[in-house]
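Novice: Sequence:
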Amino acid sequence: MEGAAMYRCQCCQCRTTSPPVLTRKHGGHLPDGEQIVEPERFSFFDLPREQKIAGTLMIAVLVVAFLFRAL
8 MEGAAMYRCQ
18 CCQCRTTSPP
28 VLTRKHGGHL
38 PDGEQIVEPE
48 RFSFFDLPRE
58 QKIAGTLMIA
68 VLVVAFLFRA
78 L
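Take any residue in the sequence shown, note its place counting from 1, add 7, and you have its number in the working numbering.
Keep in mind that the hints were calculated from the coordinates and are not lab data.
One should not assume that every hint holds.
Computed cross-link-like contacts, SDA-like style, restricted to lysine to any residue with a CA-CA straight-line distance of at most 20 Å [claimed, not checked]:
#1 K59 / E47
#2 K59 / V71
#3 K59 / R48
#4 K59 / L69
#5 K59 / F49
#6 K59 / V70
Here are the simulated distance ranges between beta carbons [said to hold, decoys possible]:
#7 Q20 / A67: 48 to 58 Å
#8 A67 / T23: 41 to 51 Å
#9 R22 / Q58: 27 to 37 Å
#10 F49 / V70: 15 to 25 Å
This one's a predicted model, so the numbers in the text were calculated from it and none came from an experiment.
Even glycine gets a Cβ: it sits at the ideal position worked out from N, Cα and C.
Construct the entire structure; sequences and hints are all you get.
Specialist: Pasting the structure below:
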């Protein structure tokens, strides 16, 4: 599921990591000796340059359209 926060469960004893899941709990339980690895927060500056430019242009077009309609 793209765009959703994905968590991984890591076991310190056997050194394995679970596949990504949408919740912090592993089946409703947090087994002893395991930890939850939270995803990094999204930042605008993490986007590729092309996506930053396209996003900025889209916002500018929306602002201009809003101002044009308001006048």
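Novice: Now, for every hint given, state plainly whether the structure supports it.
Specialist: Now the hints, each set against the structure:
no., hint, verdict
1, K59 / E47, "holds (19 Å)"
2, K59 / V71, "holds (18 Å)"
3, K59 / R48, "holds (17 Å)"
4, K59 / L69, "holds (15 Å)"
5, K59 / F49, "holds (13 Å)"
6, K59 / V70, "holds (16 Å)"
7, Q20 / A67: 48 to 58 Å, "holds (53 Å)"
8, A67 / T23: 41 to 51 Å, "holds (47 Å)"
9, R22 / Q58: 27 to 37 Å, "holds (35 Å)"
10, F49 / V70: 15 to 25 Å, "holds (22 Å)"
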